[in-house]
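Peer 1: In order, the protein sequences belong to chains S and W.
So in this note's numbering, spot 79 of the first sequence is number 148, and the numbers just go up one at a time.
So in this note's numbering, spot 151 of the second sequence is number 156, and the numbers just go up one at a time.
Since the hints were made in silico from the structure, they are not lab data.
If you're wondering where the values come from, they're calculated on a predicted model, not measured in any experiment.
Don't take every hint at face value.
Pair ranges (Cβ atoms, derived) [to be verified]:
(1) S:Ala122 - W:Trp49: 31 to 39 Å
(2) W:Leu211 - S:Gly270: 30 to 38 Å
(3) W:Asp58 - S:Val224: 29 to 37 Å
(4) S:Ala231 - W:Lys51: 37 to 45 Å
(5) S:Gly238 - W:Gln30: 45 to 53 Å
(6) S:Thr228 - W:Glu83: 56 to 64 Å
Chain S side only, calculated, beta carbon under 8 Å to chain W, not exhaustive [as the list claims (entries may be wrong)]:
(7) Val124
(8) Gly132
(9) Leu136
(10) Arg230
(11) Arg234
(12) Glu264
(13) Asp267
(14) Ala268
Ideal placement from N, C-alpha and C gives every residue a C-beta, glycine not left out.
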Amino acid sequence: MPGPAYVVRTPRLLLRCWSPADAPLLDAALAAGLDHLRPWLPWVKDEPEPLDARVARLRWFRGAFDLGHDFVYGIFTPDGGEVVGGTGLHTRQGPGAREIGYWIAAPHLGRGYATEAVAALTRVAVEIDGARRVEIRCDPLNERSVRVPRKLGFVHDGTLRARQRTADGEPRDTMVWTMLAGELAASPCAAAACEALDAAGRPLP
Amino acid sequence: MPPGPAYTILTPRLTVRCWEPADAQAFMDACAESRDHLLRWLPWMKDEPLPLDDQVRRMRALRGAFDAGQGFIHGIFERESGALLGGIGSHADVGPGARELGGWMAAGALRRGYTLEAAAAVVRVCFEVDGLVRVEMHCDPHNEVSLRVPARLGFVREATLRARDFLEDGTPSDSVVWSLFAEDYPASPCASQEVEAYDAIGRRLL
Numbered sequence: 070m071p072g073p074a075y076v077v078r079t080p081r082l083l084l085r086c087w088s089p090a091d092a093p094l095l096d097a098a099l100a101a102g103l104d105h106l107r108p109w110l111p112w113v114k115d116e117p118e119p120l121d122a123r124v125a126r127l128r129w130f131r132g133a134f135d136l137g138h139d140f141v142y143g144i145f146t147p148d149g150g151e152v153v154g155g156t157g158l159h160t161r162q163g164p165g166a167r168e169i170g171y172w173i174a175a176p177h178l179g180r181g182y183a184t185e186a187v188a189a190l191t192r193v194a195v196e197i198d199g200a201r202r203v204e205i206r207c208d209p210l211n212e213r214s215v216r217v218p219r220k221l222g223f224v225h226d227g228t229l230r231a232r233q234r235t236a237d238g239e240p241r242d243t244m245v246w247t248m249l250a251g252e253l254a255a256s257p258c259a260a261a262a263c264e265a266l267d268a269a270g271r272p273l274p
Numbered sequence: 006m007p008p009g010p011a012y013t014i015l016t017p018r019l020t021v022r023c024w025e026p027a028d029a030q031a032f033m034d035a036c037a038e039s040r041d042h043l044l045r046w047l048p049w050m051k052d053e054p055l056p057l058d059d060q061v062r063r064m065r066a067l068r069g070a071f072d073a074g075q076g077f078i079h080g081i082f083e084r085e086s087g088a089l090l091g092g093i094g095s096h097a098d099v100g101p102g103a104r105e106l107g108g109w110m111a112a113g114a115l116r117r118g119y120t121l122e123a124a125a126a127v128v129r130v131c132f133e134v135d136g137l138v139r140v141e142m143h144c145d146p147h148n149e150v151s152l153r154v155p156a157r158l159g160f161v162r163e164a165t166l167r168a169r170d171f172l173e174d175g176t177p178s179d180s181v182v183w184s185l186f187a188e189d190y191p192a193s194p195c196a197s198q199e200v201e202a203y204d205a206i207g208r209r210l211l
């Protein structure tokens with residue numbers, strides 16, 4: 070199996086493995102506003118993180134990527150000059166599966182960037198990583214997030230009760246959306262234009 | 006000072022830095038060039054040069070370990086041209102506060118003092134950035150090129166441990182243990198090595 074994809078280009082976005090040197094760009098993206106993320110992402114309560122902690126986190130992400138443990142991507146403008154958000158192909162749902170998570174920085178909301186990134190990563194998960202199932206989990210109250218799997222043709226398998234906690238420690242439900250590998254071709258994801266490169270910058274099929 | 010580790014170490018002639026997956030081709034070429042002169046001392050050279058995909062995997066594993074804080078293996082490059090000259094790294098398997106320093110040089114990079122320059126620089130980083138109490142070097146008693154490095158850098162030859170390693174054909178080989186302690190480091194030749202060191206985002210450490 071070739072891969073993983075270190076770089077994924079879509080028509081409007083560059084997705085790539087984080088580098089520690091991205092710390093200042095990530096700071097700038099988060100400094101632009103966190104209120105839209107606060108209810109949904111527990112890590113937001115620790116923001117702003119000191120620079121050293123930020124660097125340590127990005128080293129951790131890249132290390133896990135290089136070691137094949139987990140695949141966290143930054144979402145950038147095509148020239149790499151600005152952080153648009155973050156996403157990832159996570160391995161925590163077991164063998165043969167990838168879970169996709171995503172967030173978009175305040176200045177870039179409302180343009181379909183999350184949908185564009187997730188469509189591309191769904192293809193990468195199935196076509197490059199050989200995933201048999203791609204999963205998206207989100208809070209049913211997070212309408213902006215729920216729209217992404219719905220638009221991309223994921224199936225709402227169900228809503229698990231009180232499976233997560235909010236940042237305040239309150240229980241909350243979790244929607245599980247999945248796309249099986251065999252469903253990709255007929256889904257809107259199949260039409261997503263994307264180009265993927267491996268660790269050495271070689272195009273992946 | 007920001008916390009380490011040092012991802013990039015500069016000396017007058019060398020760039021010593023964390024490997025990148027994009028170095029895979031250069032690493033493969035260096036293995037092809039140097040296999041015969043290194044095989045006697047580095048058993049893993051037996052199967053080199055491995056195909057490019059394996060080299061990319063190796064570079065990823067080395068950078069991943071570096072990012073995860075598990076091991077600090079650098080490539081050695083000529084500062085001016087960027088050409089790959091060798092590798093050097095410190096391994097954390099010789100006890101608390103201590104690391105073992107090891108490395109290799111490509112056949113074409115020998116006899117120019119590059120090994121001493123790289124080793125002295127990494128020793129400085131070990132003591133001044135990483136705060137180690139002891140740095141060790143281990144080498145085969147028949148490897149005269151390697152033996153000169155700790156001797157010239159002020160390390161103390163402590164012992165020759167019998168049959169501690171194995172050659173490529175499985176024959177046991179002895180291992181000479183050299184060490185330099187933090188209290189002896191300031192008076193060693195390493196301390197006067199000209200060095201700049203930078204962290205993962207390019208902040209100066211030394």
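Peer 1: Each hint needs a verdict: does it hold in this structure or not?
Peer 2: Against the structure, the hints:
{"no.": "1", "hint": "S:Ala122 - W:Trp49: 31 to 39 Å", "result": "36 Å, holds"}
{"no.": "2", "hint": "W:Leu211 - S:Gly270: 30 to 38 Å", "result": "31 Å, holds"}
{"no.": "3", "hint": "W:Asp58 - S:Val224: 29 to 37 Å", "result": "35 Å, holds"}
{"no.": "4", "hint": "S:Ala231 - W:Lys51: 37 to 45 Å", "result": "56 Å, violated"}
{"no.": "5", "hint": "S:Gly238 - W:Gln30: 45 to 53 Å", "result": "51 Å, holds"}
{"no.": "6", "hint": "S:Thr228 - W:Glu83: 56 to 64 Å", "result": "59 Å, holds"}
{"no.": "7", "hint": "Val124", "result": "5 Å, holds"}
{"no.": "8", "hint": "Gly132", "result": "3 Å, holds"}
{"no.": "9", "hint": "Leu136", "result": "4 Å, holds"}
{"no.": "10", "hint": "Arg230", "result": "36 Å, violated"}
{"no.": "11", "hint": "Arg234", "result": "28 Å, violated"}
{"no.": "12", "hint": "Glu264", "result": "18 Å, violated"}
{"no.": "13", "hint": "Asp267", "result": "7 Å, holds"}
{"no.": "14", "hint": "Ala268", "result": "3 Å, holds"}
The structure is inconsistent with the numbered hints 4, 10, 11, 12, although it conforms to all the rest.
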